[in-house]
Amino acid sequence: MSAYLAALFKDIHQKTGLNFVYMYDQFEYRRMIDGVWTSVELIVLCLICSIIFGLVGAAARESKSRIMFMIVGAYVEFFRNTPPYVQLLFFYFGIGSALPQIDMGGYFEPLIGRFGWAVISLSLFGGAFVTEIFRSGIESVPRTMREAAEALGYSRIQTFMHVVLPLALRFCLPALGGILISLLKYTSLAYAIAVPEVTYTSQLIWSDNFNVIEMMITLFIFYNLAVMFFSLLMSSLEKRLALPGYG
Amino acid sequence: LAHTQEKFVSNKTENVISVLVQWMPFILKGFLLNLVISFLAMIIGTLLGVGLGLLRISRRSYLSNGARIFIQILQNTPWLVILFGVMFLVPSQFRIGSSQIAVAGWVQATVGLSLPIVANVAEILRGSVHSIPSAQWEACDSLGFNRRQALSMIILPQCYKRMLPPWMSWYAILTLATPIVAILGVREGLGSAQAAMESAGAKPEYLMPFYGFVMILFFIYIYPIARWTRWLEQRVSQ
Chain A
93 MSAYLAALFK DIHQKTGLNF VYMYDQFEYR RMIDGVWTSV ELIVLCLICS IIFGLVGAAA
153 RESKSRIMFM IVGAYVEFFR NTPPYVQLLF FYFGIGSALP QIDMGGYFEP LIGRFGWAVI
213 SLSLFGGAFV TEIFRSGIES VPRTMREAAE ALGYSRIQTF MHVVLPLALR FCLPALGGIL
273 ISLLKYTSLA YAIAVPEVTY TSQLIWSDNF NVIEMMITLF IFYNLAVMFF SLLMSSLEKR
333 LALPGYG
Chain B
8 LAHTQEKFVS NKTENVISVL VQWMPFILKG FLLNLVISFL AMIIGTLLGV GLGLLRISRR
68 SYLSNGARIF IQILQNTPWL VILFGVMFLV PSQFRIGSSQ IAVAGWVQAT VGLSLPIVAN
128 VAEILRGSVH SIPSAQWEAC DSLGFNRRQA LSMIILPQCY KRMLPPWMSW YAILTLATPI
188 VAILGVREGL GSAQAAMESA GAKPEYLMPF YGFVMILFFI YIYPIARWTR WLEQRVSQ
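Chains as they are written, first to last, in the working numbering: chain A, 93 to 339; chain B, 8 to 245.
Pulled out of the complex, with its shape left as it was, chain B reads as follows:
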């Protein structure tokens, strides 16, 4: 038995793989936080984004121009910079009455990641509303609907189907951006992999398999979503 064990240890690649297997549950647990962040950021982003999109298509020019500038700034700024902005400029502690409430790093990161989604969902909404033929608006007008009724009962219901594929591809982009929060010290999948390498002895031969494993995790999750999105896109365009 001692002999086989020695052989096992001397075999470097086999050793690295066994270390990776040992740490897999830990990294997977971290990856769950990536998923949670992506879900929450997408929900916040979509809710606020629809609101911002409605402002963007408003007929009051100060509303639509304000929304346009806000969207453009968020769209033109790298996610990392937006994240830094939220992390450093939004207080990490709130005072409600006499009690201090600390905001966890991952919550701040979720808010930061939802901001670009807000801008892009708003743009998706605007694009799909504009893609509805103007005859629809005129028909609503002649039937006596006001603008709000026309939008909520006639125009928007037709938009959902067109909005779905780009919305899903933004979800994929968002999920692939979640490892950035490791830079800010949030221990999600990537952060866990880095911590695991550290505790396993920080050997350079760990780097490729551990980072590779994180990539594979994301690939397994995102690839089906990407295929589904493409399938939906083709169906919408037909």
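So here's chain A without its partners, still in its complex pose:
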């Protein structure tokens, strides 16, 4: 924390009453940085895991197995049509309390902590949407492409990995970006199970310092910057992956 910024925000506090306490108080500064960092970790992990769940789901839907198809269908419909917040509570409290505790020598720790359950639950929720998006992307790959790959001697898996998937990914990139952005925002729900991410941290800070408005502004700025950064990332990815003649 630079001394200049600290002095500046102290001055702002004295002159305007706006108390951005974490800008000059060492303790609150550390809290805030930890909160932001936890949020970033949570967001990155959720996005990666939901893409993995989506890929697995879409691949399972592609397979010829009827049972797999039905399982993935039920998964998608269930997670898309129930409240994500209740899903989170169900996982953390319901399943978490049913799992065995690990003896850490004197005290017991749950098998999966708050952070872990937040990642699992939010990724499963996001994964259901990503599965649907990948599926529609795969459907929009022209059939002639597969036939051409088959004619060239590609196996089913090779066709999927080398021909269908790269094209499908490009087709569904805009929709994928939209869903991942809304998942990014849903990570604030982890507040409810006391994951110390940025929303939870802000609440701790405003209960200690009575600066709700300032912390609200901070949250608005954090999430708006995160969304803007991510959409820039997605649009540059779209440009880099663009194929001449497609889209």
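Just so you know, the hints here were simulated from the structure itself, not pulled from any lab data. Small disclaimer: the values here were computed from a predicted structure and weren't measured.
Computed Cβ-Cβ distance ranges for the label pairs, DEER-style:
| id | chain 1 | residue 1 | chain 2 | residue 2 | range |
| --- | --- | --- | --- | --- | --- |
| 1 | A | Pro266 | B | Val28 | 44 to 50 Å |
| 2 | A | Ser327 | B | Pro211 | 44 to 50 Å |
| 3 | A | Ser323 | B | Ile223 | 33 to 39 Å |
| 4 | B | Val28 | A | Ala190 | 16 to 22 Å |
| 5 | B | Ile223 | A | Thr236 | 41 to 47 Å |
| 6 | A | Pro192 | B | Arg237 | 39 to 45 Å |
| 7 | B | Leu35 | A | Ala267 | 33 to 39 Å |
| 8 | B | Glu205 | A | Ala95 | 47 to 53 Å |
| 9 | A | Met160 | B | Phe46 | 37 to 43 Å |
Glycine included, each C-beta is placed from N, C-alpha and C at the ideal position.
Following the hints, position chain B against chain A.
Just chain B, lined up with the frame of chain A:
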């Protein structure tokens, strides 16, 4: 009889189920508040959203830019944060003349949930107006309609059909977001389920069936709407 009763009590799962059945009417009553909040928030959101959307497509750049920034901020902020903002920053008591009027928590929550809907309805409106071929505007021009007449008599009537599916999917998203208000102490479906577990003895084995029941309630309500939306989407795209 005593013997069978004992057997009944000793059977743990059966016991949990019977507790859940006992509390079902209470949770269902709470769920009604979810529905009321979702209806009201959707109505407020749609009315204000159409207004904001019209500002967004206005030709005056200060109006459309202002609307754009407002929409973007609302769209980029999590619902929970918007709810906190409304709960903490909007006064919970109003003074009209000499009488104090207290605003109930669920009313504040409804206003908070309607804000993201405002932004998204505005975007839906903008998107569907832009999807109308520009030849329509030119035709209106050549027939002597001014911009307002063209919009209200020619362009917007064609938009309703295109706006319906995304509007309905936002309704589903809104309804699935209503349990968040339990965090703020509003006793809707989820809050009722939590209160029910509390009064039934707060045993950990209640957690899965009670939360599961709340999920099933939402699923029964939302799944048909989602199917209907998909059906409409396919019809519009054809």
